[in-house]
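Knowing the structure of chain A, use the given hints to seat chain B on it.
Residue numbers (our numbering), protein chains in the order written: chain A, 1 to 506; chain B, 1 to 171.
Source of the hints: derived by calculation from the structure; they are not laboratory data. Cβ coordinates follow ideal geometry from the N, Cα and C atoms, glycine included. One should not assume that every hint holds.
[What the hints assert, rightly or not] In silico contact screen, one side only, chain B against chain A (beta carbon under 10 Å); selected entries:
#1 Leu137
#2 Tyr140
#3 Leu141
#4 Leu142
#5 Ala143
#6 Glu145
#7 Ile149
#8 Ala158
#9 Gly162
#10 Lys163
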Amino acid sequence: MELLNINIPDWADLAWWLPEAILCGTFLVALLADLVVRGRRPWLPFAVSVAGLVTAGAYAVAALDPGTRTILGDLVVVDGLAAYFRLLFIFVGLVTVLFAWTAEEIMGRTRENKGEFFALTVLMTAAMCVMAEAKDLLMLYLSMEAVGIVSYVMAGYMRTSLRSTEASLKYVIFGAVSSAIMLYGLSLLYGMTGSMQFDGIRAGLMGGQVDDFGLLVAVILVIAGMSYKIAAVPFHYWAPDVYEGAPTPVSALFSVGPKAAGFALMIRFFYTTLAAGPDAAGSAGLVQQINWPLLIAVMSAVTMTYGNLVALRQLNVKRMLAYSSIAHVGYLLMGFVLLTETGLQAILFYLLVYALMNLGAFLFVVAINNHLRSEHLDDYVGLGFRAPWAGVMMVVFLASLTGVPPFAGFVGKWYLFIAVMDKQWFWLAIIAALNSVVSLYYYFRVVKAMFLTRPAEGANLSPLKLHWLQYVLLAVLAIPTLGLGLFFGQFTGLADRAILMMTTGF
Amino acid sequence: METFLFWFCGAAMVLGGLMTVVQRSAVVSAVWLIFAFVAAAGIFALLHAPFVAILQVLVYAGAIMVLFLFVIMMLQGPVLEGERRRMKPALWPAVAIPPLAVLVLVGTRIADHGTAAFTTPLPAGFGSPTHVAELLLGRYLLAFELISIALLVAIIGALAIGKEERKLPWK
Numbered sequence: 001m002e003l004l005n006i007n008i009p010d011w012a013d014l015a016w017w018l019p020e021a022i023l024c025g026t027f028l029v030a031l032l033a034d035l036v037v038r039g040r041r042p043w044l045p046f047a048v049s050v051a052g053l054v055t056a057g058a059y060a061v062a063a064l065d066p067g068t069r070t071i072l073g074d075l076v077v078v079d080g081l082a083a084y085f086r087l088l089f090i091f092v093g094l095v096t097v098l099f100a101w102t103a104e105e106i107m108g109r110t111r112e113n114k115g116e117f118f119a120l121t122v123l124m125t126a127a128m129c130v131m132a133e134a135k136d137l138l139m140l141y142l143s144m145e146a147v148g149i150v151s152y153v154m155a156g157y158m159r160t161s162l163r164s165t166e167a168s169l170k171y172v173i174f175g176a177v178s179s180a181i182m183l184y185g186l187s188l189l190y191g192m193t194g195s196m197q198f199d200g201i202r203a204g205l206m207g208g209q210v211d212d213f214g215l216l217v218a219v220i221l222v223i224a225g226m227s228y229k230i231a232a233v234p235f236h237y238w239a240p241d242v243y244e245g246a247p248t249p250v251s252a253l254f255s256v257g258p259k260a261a262g263f264a265l266m267i268r269f270f271y272t273t274l275a276a277g278p279d280a281a282g283s284a285g286l287v288q289q290i291n292w293p294l295l296i297a298v299m300s301a302v303t304m305t306y307g308n309l310v311a312l313r314q315l316n317v318k319r320m321l322a323y324s325s326i327a328h329v330g331y332l333l334m335g336f337v338l339l340t341e342t343g344l345q346a347i348l349f350y351l352l353v354y355a356l357m358n359l360g361a362f363l364f365v366v367a368i369n370n371h372l373r374s375e376h377l378d379d380y381v382g383l384g385f386r387a388p389w390a391g392v393m394m395v396v397f398l399a400s401l402t403g404v405p406p407f408a409g410f411v412g413k414w415y416l417f418i419a420v421m422d423k424q425w426f427w428l429a430i431i432a433a434l435n436s437v438v439s440l441y442y443y444f445r446v447v448k449a450m451f452l453t454r455p456a457e458g459a460n461l462s463p464l465k466l467h468w469l470q471y472v473l474l475a476v477l478a479i480p481t482l483g484l485g486l487f488f489g490q491f492t493g494l495a496d497r498a499i500l501m502m503t504t505g506f
Numbered sequence: 001m002e003t004f005l006f007w008f009c010g011a012a013m014v015l016g017g018l019m020t021v022v023q024r025s026a027v028v029s030a031v032w033l034i035f036a037f038v039a040a041a042g043i044f045a046l047l048h049a050p051f052v053a054i055l056q057v058l059v060y061a062g063a064i065m066v067l068f069l070f071v072i073m074m075l076q077g078p079v080l081e082g083e084r085r086r087m088k089p090a091l092w093p094a095v096a097i098p099p100l101a102v103l104v105l106v107g108t109r110i111a112d113h114g115t116a117a118f119t120t121p122l123p124a125g126f127g128s129p130t131h132v133a134e135l136l137l138g139r140y141l142l143a144f145e146l147i148s149i150a151l152l153v154a155i156i157g158a159l160a161i162g163k164e165e166r167k168l169p170w171k
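For reference, chain A alone in the conformation it holds in the complex (with noise of 0.2 Å):
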C-alpha cells in the first residue's frame, strides 16, 4: 500500500500572514466574547474586534514593504500589492467598526445581533485581505466567496426591515449566477492551460496552442463574473437596492470594501496571465487578440455614463451615492484599459482617495440618519446650518467626490487621465470628462440642499449634536481628502512601488 505523500505547507510562512490571522482569531475571539456575554454587553465583541483591528493594521503597516513571498502552499502571495491593499481594508473596516458603533441601524435600542456585526466585519477585512493576495483559483474563487457571504448576512443585518431582507436576498441571487458564470470562465481557463496557479497559466498561454476564441469566452466570462464584485455595468443590478436597503454603515463598507477588493483581484489575475511583462514576447499579442483594451474601454464608458445618468435623478440620498459608486467604477476602469503600469498605480491611488471620500459620503449619512431617521434630499434642507462641522465635511467629500481641484478626487481623477492619454485613447477621457461636469450636478443638489435652499416655514432648525466619535471620524476622513490633494506625492510613491514590486516580481 502506498502511502500518502503529504507536503503540509510551512508554517514559519504565517509570519507574513500575521494580519489575516491576527483578523480570523480576532473574528473567532469576538464571536466567543458575544456569546459569554449572551449580547447584552455589545461593548466586549467591539472593543475585541477595534483591538484585533489595530493590532493588524499595526503589523500591516511593519510588514509595509515585504519584498515579494509566495506563502502557504503556493496559494497566496505577499507582496506590495497585497501589502497596500491589506492596509487599505483594515483601514476601511477599522472606520465602519467604530462607525457602527455610533449608528442607530446597528446599536439602536430594538437592533439584535449586535455582537456579530462587529465579528462579520473583522472577517469580512480579512477575507478581503486574501482576495487582494491569491495566486491560485481556487484561493480566488474561495476569497471572493467568503467576502460574499459576509455581505450576504451584512445587507440583511436589519432582518425585521424589509428593505433590508430584499436586499440580502437580492445580492444572494446575483452572486450566486455571477458565480456560476465566472467558474465557467476559470474553467475553460484551467482546461486550456492545466494550472491553477497565475503564472502557469500565464505560461500556459504563451505556450502557444491556445485558441484565441476560447480564450476571449474565458476572459469575458471571468470579467463578467468579477464586475458583479465592482458593480460595473452591466453587472450592477444589484448595487442601488442592496446599498438602499442594507443598513447605512454596511452600505459604506460594500461600496468602497469588497470593490476595492475586486479591484485587487482582477489587477493581479488579469495583469498576471494577460499583461505584456517581463517575458513579454507572447503577450502582447494576446492582449491584441482578445482586443482587451477596447473590450474594457466600452464598459468604463458605459458603466461611468450609466452611473452618473441615473444619479440624477435620484432624490434619495444613499440612492444617489450607490449610483455614484457605480460611476467611480467607471473611472477607475480607465486605469485597467491598457493594463500598463501607469494605469494600475492609478487605479491604487484612486482607491485610496476613493475609499477616503465615499467612506466619508456615507459616514454622513449614517450620522444624519441616526436624527432625522431619512435619507431623502428634503430633510437635508438646512443641515448646513443644524450641523455646520459635518456639514462642511460633507462638502469636502462630495467636491471630492465630483474631482474639484483642490481635493484628492481630482489628483486622483488626473492620473487615471493620464493613463489612457498617455496610449492616445482621447475618446475616454474626453467622456470621463463630460462625465466628471455631469456629476457635478448631482452632488452639489445635496449641498444646495444643505446650505442654500430656504427651509420650509415652521420646519425643525434646532442644531444636531452628533456622537463625538462621529466628529472625529469624519475629520479622519476629511483631512486627508483634502490633505492628499496638496501633498500626493507620498501616497502616489507608495502605489507605485506597490505596483512596481508586483511587475518585477513575478
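Same frame as chain A, now just chain B:
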C-alpha cells in the same frame, strides 16, 4: 460511448436544474435537485475523478439533501400559492440568448477544432483518493481552512438572521 454518456448526464443535469427551479412545491424541487446531483456525479466520473463522483453522491445527493428535505418538512413544505405569473414573453430572448450564444459558439469551435484547444493532458494518478488526500491536506490546506471559515460564517449568519421569531413586518 463516453460521448454518449457525457451528453446523457449533461442533459439529465440541465433537466434536473430546470425542474428544480420551476417546481412550485419545495419538496418536489428538492427531489429534482437530487436528480441533478446524481447526474453531476456521472460527469465527475467521466472526468476521471471517481472519488469526487462518489463523494458527490454520498455527501450531496445523500446527506445534504436529506437535511434539505428535513428542513423543508420542518417548515411544512411551503407550496407557492396564488396566481401563476409568467415572465413577459419579451424577456425570454434576453434570458435565453446569452447562454445559448456561448453554448453554440464554444460548441461549433469544438466541432471544428476538436476538444484539444480546451484541454491539456492529465497528470498520472489524477483524481485517485490518494491524490485528493495529498492535495487537500497538503498544498490546499489553507484553502481547506478558508472553506471552513466561510461555512462557519454562513452558519452564524443563518442563525443571526433566522433565529427565534420576533415581530416581523410581513407576519
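Hints versus structure:
no., hint, in the structure
1, Leu137, "holds (5 Å)"
2, Tyr140, "holds (7 Å)"
3, Leu141, "holds (6 Å)"
4, Leu142, "holds (5 Å)"
5, Ala143, "holds (5 Å)"
6, Glu145, "holds (9 Å)"
7, Ile149, "holds (7 Å)"
8, Ala158, "holds (8 Å)"
9, Gly162, "holds (8 Å)"
10, Lys163, "holds (8 Å)"
Figure legend: structure checked against the earlier numbered hints; every hint is met.
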